[in-house]
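Colleague: Start from chain V and add chain W according to the hints.
These are the residues of each chain, in order.
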Amino acid sequence: QKEVEQDPGPLSVPEGAIVSLNCTYSNSAFQYFMWYRQYSRKGPELLMYTYSSGNKEDGRFTAQVDKSSKYISLFIRDSQPSDSATYLCAMSDAGGTSYGKLTFGQGTILTVHP
Amino acid sequence: EPEVTQTPSHQVTQMGQEVILRCVPISNHLYFYWYRQILGQKVEFLVSFYNNEISEKSEIFDDQFSVERPDGSNFTLKIRSTKLEDSAMYFCASSDRGFDQPQHFGDGTRLSIL
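Protein chains in written order, with my numbering: chain V, 28 to 141; chain W, 58 to 171.
No lab work stands behind these hints: they were computed from the structure.
Values in this document were obtained by computation on a predicted structure and should not be read as measured data.
C-beta: ideal position from N, C-alpha, C; glycine also.
Check each hint, because a few of them may be wrong.
Not everything, but these chain W residues come out facing chain V in the computed CB check (under 10 Å) [said to hold, decoys possible]:
no.	residue
1	92
2	98
3	99
4	150
5	158
6	161
Next comes chain V alone, as it looks inside the complex (with noise of 0.2 Å):
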């Protein structure tokens, strides 16, 4: 079993659409996660990061941690074509036995559409 799994994809949805984004993972020392997005030739550039199980929100995005079920989502509300990018989720178990180690999903295409 891969330690992070992720759907690629591609997503592709209409502007205004409501997005969710998934990973699955095996390991239950990981205990911060987070949501990156990728934009062709750049760097992943952070969206959102969380710490064990719950919700956060942070404007029209909302990353879930369900510990439990060794799930994580993250939302996006009101889709704008802008969105448009890879979204990576991460995964570290830092300050266990993991010195700042994260592991990464494949990566989900998301295009939205005017």
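Modeller: Frame of chain V; chain W shown alone:
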């Protein structure tokens, strides 16, 4: 907004040659990382670095790789004798107060080995 800068954006090198990739982390950050992304694959952790020492490294980070913080602002990755399979995007990242803090990435150096 402070950012991580990487140079060069693209490096072309003959197989067997040494290459140095350079990074300037965010100025008040103390924790540094290198990742790589082979075309079409996941972002993979290489190494984390704090207080002038390697804190953690992956199996990829063998004796051909080394990292250095030669002064107060730069952080470098050296590959001593490049192989074809070293061709990838290399990303530098930094975080401020600890390994559990969010990591901010540069836009990467595309390394092409001929």
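Colleague: Can we keep the residue 158 of chain W interface hint, with Cβ of chain V closer than 10 Å?
Modeller: holds, 8 Å
Colleague: May I ask you to test the interface hint for residue 161 of chain W with respect to chain V, counting a Cβ-Cβ separation under 10 Å as satisfied?
Modeller: Hint holds; residue 161 of chain W Cβ to chain V Cβ min 6 Å, cut 10 Å.
Colleague: With a cut-off of 10 Å on the beta carbons, see whether residue 98 of chain W makes it to chain V.
Modeller: holds, 8 Å
Colleague: Is the interface hint for residue 99 of chain W satisfied, with its Cβ closer than 10 Å to some Cβ of chain V?
Modeller: holds, 5 Å
Colleague: Hint check: is the beta carbon of residue 150 of chain W less than 10 Å from a beta carbon of chain V?
Modeller: Since chain V brings a Cβ to about 8 Å from residue 150 of chain W, closer than 10 Å, the hint holds.
Colleague: Against chain V, run the beta carbon of residue 92 of chain W and see if the smallest gap drops under 10 Å.
Modeller: Holds, about 7 Å.
Checked against the numbered hints above, the structure breaks none of them.
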